[in-house]
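Line order of the protein sequences matches chains A and B.
Going by the working numbering, the residue at position 96 of the first sequence is 98; the numbering climbs one at a time, nothing skipped.
Going by the working numbering, the residue at position 86 of the second sequence is 132; the numbering climbs one at a time, nothing skipped.
None of these hints come from the bench; they were simulated from the model.
Glycine included, every Cβ here is placed at the ideal spot set by N, Cα and C.
A portion of the hints provided could be inaccurate.
[Claimed, not checked] Here are the simulated distance ranges between beta carbons:
#, chain 1, residue 1, chain 2, residue 2, range
1, B, 98, A, 58, 40 to 48 angstroms
2, B, 58, A, 71, 38 to 46 angstroms
3, B, 117, A, 69, 35 to 43 angstroms
4, A, 15, B, 60, 21 to 29 angstroms
[Stated by the list, open to error] Below, a sample of chain A positions facing chain B; criterion: calculated Cβ distance under 8 angstroms:
#, residue
5, 35
6, 44
7, 47
8, 52
9, 58
10, 61
11, 90
12, 92
13, 100
14, 101
15, 106
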Amino acid sequence: KAGVTQTPRYLIKTRGQQVTLSCSPISGHRSVSWYQQTPGQGLQFLFEYFSETQRNKGNFPGRFSGRQFSNSRSEMNVSTLELGDSALYLCASSLEGNIQYFGAGTRLSVL
Amino acid sequence: AQTVTQSQPEMSVQEAETVTLSCTYDTSESDYYLFWYKQPPSRQMILVIRQEAYKQQNATENRFSVNFQKAAKSFSLKISDSQLGDAAMYFCAYHTSGTYKYIFGTGTRLKVLA
Numbered sequence: 003k004a005g006v007t008q009t010p011r012y013l014i015k016t017r018g019q020q021v022t023l024s025c026s027p028i029s030g031h032r033s034v035s036w037y038q039q040t041p042g043q044g045l046q047f048l049f050e051y052f053s054e055t056q057r058n059k060g061n062f063p064g065r066f067s068g069r070q071f072s073n074s075r076s077e078m079n080v081s082t083l084e085l086g087d088s089a090l091y092l093c094a095s096s097l098e099g100n101i102q103y104f105g106a107g108t109r110l111s112v113l
Numbered sequence: 047a048q049t050v051t052q053s054q055p056e057m058s059v060q061e062a063e064t065v066t067l068s069c070t071y072d073t074s075e076s077d078y079y080l081f082w083y084k085q086p087p088s089r090q091m092i093l094v095i096r097q098e099a100y101k102q103q104n105a106t107e108n109r110f111s112v113n114f115q116k117a118a119k120s121f122s123l124k125i126s127d128s129q130l131g132d133a134a135m136y137f138c139a140y141h142t143s144g145t146y147k148y149i150f151g152t153g154t155r156l157k158v159l160a
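Bound-form chain B, shown alone:
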């Protein structure tokens, strides 16, 4: 069965600094998608970044980038130039076509210190 593990329940980062959130997953599939979602205190979950497993190039979205290591089944999120608005719960998620199911990790709470 597929699983997603986020081993850091909580992380802190100083404003303007860089932080990396970790995520590992387990699957026997070769074609799948990985996501990072952000859930601010207002609760609305929003997509931060998406990675297709068949693409070797790491996805980037402005200050957010991933380090996708397919062989190691690792998918970390790097946030550069952290801002106060980045404070939120971050969830790593896995999806494979045909299962109609997304698997989420337990989340990492990110605190940004002024």
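This is chain A alone, in the form it adopts within the complex:
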């Protein structure tokens, strides 16, 4: 069974641009969560989707948004990028249960 796939692996953007990250969950998993990981801050929860519905959202500004498609693939979008958005963005999928399986992440650098 293929694992969680995140694309792209690396991204370099400039301030003010927008970016879209993609996540394909493990086959059969309908829950997808997104996290921002920065040194010293650990993993900060962004949002969780299940069957195309956002069920929970973390404390991030409205510039951070996401969606989930009918095949459970998910995208997150960050608009008007700021230097502080530079981070590793992790996606995790799970069955309707509680063990999360993570992707390798997308490293976003904002210049």
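Using the hints provided, position chain B relative to the given structure of chain A.
This is chain B only, laid out in the frame that chain A set:
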């Protein structure tokens, strides 16, 4: 609000020795799950061990075991016979059903010395 605290930013252990990583959490819930995840330098986060709060027995997975103290809200990870491949960031995480949200600690970087 629920919180997870890992007070040890970095730990070192000699190969073949035992090390314990600490984690405390705060919650008013009685039914929840606790996890330890490992993130090697290649970045892929993997589950090490899981504990259901309603189970008094401590979870074990081969060389990994936990000391779950529900009243003290403590959840430490013990790694026995440490190996070079155990070197990684270790994250403690909390989850309660119905919130669809996991809360992670800030992580402990474990170094294994040959």
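Hints versus structure:
no. : hint                             : result
1   : B:98 - A:58: 40 to 48 angstroms  : violated, 21 angstroms
2   : B:58 - A:71: 38 to 46 angstroms  : holds, 45 angstroms
3   : B:117 - A:69: 35 to 43 angstroms : holds, 42 angstroms
4   : A:15 - B:60: 21 to 29 angstroms  : violated, 43 angstroms
5   : 35                               : holds, 7 angstroms
6   : 44                               : holds, 4 angstroms
7   : 47                               : holds, 6 angstroms
8   : 52                               : holds, 7 angstroms
9   : 58                               : holds, 4 angstroms
10  : 61                               : violated, 10 angstroms
11  : 90                               : holds, 7 angstroms
12  : 92                               : holds, 7 angstroms
13  : 100                              : holds, 5 angstroms
14  : 101                              : holds, 6 angstroms
15  : 106                              : holds, 5 angstroms
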